[in-house]
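Participant: Letter by letter, the chains look like this.
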Amino acid sequence: MAAKRAERLVNLVIALLGTRQYVSAAKIRTIVPGYEPDDGTDRADEAFKRMFERDKAELREIGVPLETGRTSAFDTEDGYRIARADYELPEITLTGEEAAAVGLALRLWQSAQLAGAAQGALVKLRAAGVAVDQSRGLSIQPRLDAGEPAFEPCYAAARDRRALTFDYRRPDEQSATRRRVQPWGLVAWHGRWYLVGHDLDRQAARVFRLSRVTGTPRASGPAGAFEPPADLDLASVVAGSERREEQLVIVRARPGTAIGLRRHATPLGAADDGDDRLELRTTEPWALADELAAYGPDVLVEAPQRMREAVVARLSELASLGERA
Amino acid sequence: MTPPSTAERMTRLLALVPYLTARPDGVRLADAAADFGVTEAQLRRDLDLLWVCGLPGHGPGDLIDLAFEGDRVRITFTAGMVRPLRLSTDEAVALIVALRTLLELPGLAEGEAVSRALAKVSAAAGHPAEVRAPVAISVGARAQSLAVVREGVERRRALHLHYYVPSRDERTERTVDPMRLLLVDGHWYLEAWCRRAEGVRLFRLDRIDEVAVLDEPAAPPPQAHERDLDDGLYQPGEEEPQVRLRLARTARWIADYYPVEEQTEVSDPPGGLAVTVRTSDLSWARRLVASLGGAATVDEPVELAAQVAADARAALARYAD
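Residue numbers (this note's numbering), protein chains in the order written: chain P, 1 to 325; chain C, 1001 to 1321.
Do not take every clue at face value.
[Stated by the list, open to error] Chain P stretches covered by chain C per the calculated footprint, using a threshold of three residues with CB under 8 Å from any CB of chain C:
1. 31 to 39
2. 56 to 62
3. 66 to 77
4. 153 to 167
5. 214 to 220
6. 271 to 280
[Stated by the list, open to error] So these bits of chain P aren't anywhere near chain C, every CB distance computed over 10 Å:
7. Q203
8. R206
9. G296
By construction, these hints were calculated from the structure, which means they are not laboratory data. Glycine included, each C-beta is placed from N, C-alpha and C at the ideal position.
Using the sequences and the accompanying hints, generate a full structural model.
Facilitator: Next comes the structure, spelled out in structure tokens:
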């Protein structure tokens, strides 16, 4: 940004922090250097108004609590001030260990969407006298947002509590459908990002995979338009939506094969043909059927019959692949 | 959310005077620059700018005053900017979510310090923190190996791993030189030099079945570079062979999940998607196609389809017995 403008903004903050009275725009124009001086022309007035409007917006955007009001009944127009108590970061004292934890935590965002915000927080904590040392500790680097263009608009709408409209395409549907949602928040769960919210058309809580959102979600209406449930636990909403009844599956695997399956299985000993019998538990039987079919002749499903049939159906499809190619 | 340079510089300018106020004995310019994450030259420009700012009147006694002594700077007049600006909502969210994520990590020794820091930060964040953070990160609980891997990374020791490779359905044993730990979309990865493969590899922590810290120091060779992850975790080389698949509607999610090079809508099958993936690991492609149970057909290479079909026929023969 231009040094002149930065200088003017800093002077504006200092001037408004230093007063309890509301200061009119006209007064600000005379006491804060850098504004277009009043030479009586409309052009200069216009230029000042434009600059001042932009400056106010800029300060509000970075979180400066700029108040508008009148000090007394005799004031003829609104003035401005910054209440020191609202402006200042409260006292915060962290022990060395606690400061190290903060440094560690903020590294989580190093290359993610909230990285800029994390850096801002760090700057302010250091300015408050907290010695956050990021050189020690974990060399953790996260990417919490990889490849999810919908993250930012969904986050902003959830933060501001504004209604959100987006197109959502389920994998089993031919085309995307328009959804209107009150977004409660975003959750990274089992390696994927989800949006949790109240679906306005279905009048119920719904969970959306961010990667299935097509196009750019749009927020509409005023901020603070709704309240998420008081006892909301975002992660458990997603977990609940994925939770289904557990099923037991018994398979036979040739010795030394199906290593991945064995990592989640309980061994039941050897079958009469020398294969290992394994017990599996699943809440997603169709996903397990996919996995079992992928092991080819190394794995044979014993029970239940439904799982046997599902795997045989997949294998039959696969067996015809060579002919089609 | 990612502040443009204007907002970033304003945040810094408003924080600099309080920063110096909190360090009344002065601070080395180089240290201050590092604390703000800028170059020393940029820090000097910022201080020069502040030096001409001050209270209305802008007389000599109204301006922010700094004393430079050698490579150090200290503040002698603050013009009333003694405390930094409170945290914005995004800043509070970034901080609080990150601390909560740390708390969830298995085997984290600093758990108590993290809880205390979380309580203090939430209190200091004031209003924005009362807003329930609209982001949560639920880390897979299976990453029990995290504490051991982390120890190896921090103490710069080699690690011995039993690692499950899903594409080949193998459990492998290898010695690696750790470089860094990554948290990507809720999964932990160890980036390390693999002595067996003689290359940099990413190891997903939930696929590490056993891990031990060795006495010998971690010594990744000079050619071991951290990968730039901007284009995703897996970046196939251009020389790798292409696999061309046709996905039925139910398998379109593949295009979200894997680094697909090209994708085209097709009508055969109806609502389908033709995708191109590059991989030198045909056994990976084979497992992928087989796991889709017919919802993906193979356009190229022809032998891939033949292999999948042959496996399936052999399996069907067992069911027929």
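Participant: Count residues of the segment 214 to 220 of chain P with a Cβ under 8 Å from any Cβ of chain C, then say if the count reaches three.
Facilitator: violated (count 0)
Participant: Checking C-beta pairs, does the segment 271 to 280 of chain P have three or more residues closer than 8 Å to chain C?
Facilitator: Violated, because only 0 residues of the segment 271 to 280 of chain P bring their Cβ atoms closer than 8 Å to Cβ atoms of chain C.
Participant: Taking beta carbons only, do three or more residues of the segment 153 to 167 of chain P come closer than 8 Å to chain C?
Facilitator: Since 4 is at least three, the answer is holds.
Participant: Is the claim that G296 of chain P lies outside the interface with chain C correct, judged by CB distances over 10 Å?
Facilitator: Check fails; 3 Å does not lie beyond 10 Å.
Participant: Are three or more residues of the segment 31 to 39 of chain P within 8 Å, CB to CB, of chain C?
Facilitator: holds (count 3)
Participant: Are 3 or more residues of the segment 66 to 77 of chain P near chain C, judged by a Cβ distance of less than 8 Å?
Facilitator: It is violated, with 0 qualifying residues against the three required.
Participant: Under a C-beta cut-off of less than 8 Å, do 3 or more residues of the segment 56 to 62 of chain P approach chain C closely enough to confirm the stated coverage?
Facilitator: Answer holds; 4 residues pass the 8 Å Cβ test.
Participant: Confirm or reject: R206 of chain P is not an interface residue toward chain C, with every Cβ-Cβ distance exceeding 10 Å.
Facilitator: 16 Å, holds
Participant: For Q203 of chain P, is the shortest beta carbon distance to chain C beyond 10 Å?
Facilitator: 21 Å, holds
Hint compliance for this structure: hints 3, 5, 6, 9 are broken, all remaining hints hold.
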